[in-house]
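Chain A is already provided as a structure; the job is to place chain B on it using the hints.
Those protein sequences? They're chains A and B, same order as listed. If you use the working numbering, the first sequence corresponds to residues 20 to 234, in order. If you use the working numbering, the second sequence corresponds to residues 20 to 234, in order.
Derived from the structure by calculation, the hints contain no laboratory data. Hints are supplied without guarantee of correctness; some may be wrong.
Heads up, the list lumps identical chains together, so a pair's fine if it works in one copy or across two of them.
Below 20 angstroms or equal to it, Euclidean Cα-Cα: the simulated SDA-like pairs (lysine to any residue) are [stated by the list, open to error]:
1. K99 / H160
2. K99 / R226
3. K99 / S215
4. K99 / L212
5. K99 / L158
6. K99 / G224
7. K99 / N213
8. K99 / N225
2 protein chains.
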Amino acid sequence: MVTSIPVIRRLCRYYRHLEVLIEQGIERIASRDFAVMLGQTASQIRQDLNYYGHFGQQGYGYHTVDLHRALGDILAVPQKFPTILIGAGNLGAALVNHIDFVHNGFELIGVFDCAPQLVGTCIQRHTVADMAGIRAFCLQHAPQAAILCVPDDEAEQVADLLVRLGVQAFWNFTHRDLRGLYCEDIVVENVHLNDSLMTLCHLLGNRMPPALQTG
Amino acid sequence: MVTSIPVIRRLCRYYRHLEVLIEQGIERIASRDFAVMLGQTASQIRQDLNYYGHFGQQGYGYHTVDLHRALGDILAVPQKFPTILIGAGNLGAALVNHIDFVHNGFELIGVFDCAPQLVGTCIQRHTVADMAGIRAFCLQHAPQAAILCVPDDEAEQVADLLVRLGVQAFWNFTHRDLRGLYCEDIVVENVHLNDSLMTLCHLLGNRMPPALQTG
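If we strip away everything but chain A, and leave its shape as in the complex, we get (with noise of 0.2 angstroms):
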């Protein structure tokens, strides 16, 4: 079944949502409170919805347990994919640290990096292991997805191996664009920090006036 990326991105943010309602013990929304809260309308998110089942119902709303659950299968997260870390630097090991991969659908089962110096160490529960042997590794744990935080002129000539190897996604940090590299069958993020930034520097350098303000 083929999606948007803009419905993905939105079920995603529902996915969020509705665990901090849960985390708060609500067990039912209204759509339009759930909708407000989102700051869509309700009928997008009923369209959006519709596309996959059957959710909520007149006069009750969302059950949110039931719909996270739901969402979650849509979004594949109890799928936990094997996935490879490359690049172990300060955004690697950062992320590491800071993303729980099993909330979102993959299991990281191998770190690597090439530099002697990190080579050994360890993050969280994870030694850093050699690119040398990263050949071996994928043959016999078959990683589908791969975390690239390695340095710009360094993403296409790894990731080409990584295909060599079986990897089928990629969640990409630097700052080369390797979405249309591959064939479809290779599924592609790109999350490219720098132009977020920019993006902002933009919106900062061009924000409307207070005089001007509407709300």
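Frame of chain A; chain B shown alone:
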């Protein structure tokens, strides 16, 4: 001048790809070749740029250095907005180490945390300061932007405080959506890493099987 977010993101991509060309010593690029590099149409690029002025020449293409400089001005990169980072844990520290702020339009002037074990430690040339001193710091140095790497349940409280202290822009790494909480004079760029990873999970779980591929 108000530009849509998708256009701003494309301008950031053009800027980033022009940097690669300049690094490679390429002085000019045909609009067709630039479009291929970006995976877009030449007319889309022309349309995005025409909004800001006349760039590129028939039969010559784009002068990489000139267009890069012009895009930098459009994106407000030379402004170097004074910026603080709140939350010097794993992710916050990684951002200080990893991001070239000046390159993206910001100057990092302070790093804050409330954890006693972090206050006083150094990240790059920044000594982590105690959040208790944030008010005095803002009154003296007037930061315009803040990077939020605080725990999710502190996001709104910290943002509210900073807005009262004059901060106008947030680069938000918490899982809470800050956009929409404030008037239009406060700009927010949310970086929801979990949503991004979950998007990849859905793409991987629902990718087109090889037998159905067209490319």
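Consistency of the hints with the structure:
no. : hint       : in the structure
1   : K99 / H160 : within (14 angstroms within a copy, 46 angstroms between copies)
2   : K99 / R226 : between (41 angstroms within a copy, 15 angstroms between copies)
3   : K99 / S215 : between (28 angstroms within a copy, 15 angstroms between copies)
4   : K99 / L212 : between (25 angstroms within a copy, 17 angstroms between copies)
5   : K99 / L158 : within (19 angstroms within a copy, 48 angstroms between copies)
6   : K99 / G224 : between (42 angstroms within a copy, 10 angstroms between copies)
7   : K99 / N213 : between (29 angstroms within a copy, 14 angstroms between copies)
8   : K99 / N225 : between (42 angstroms within a copy, 14 angstroms between copies)
Violated hints: none; the structure is consistent with every hint.
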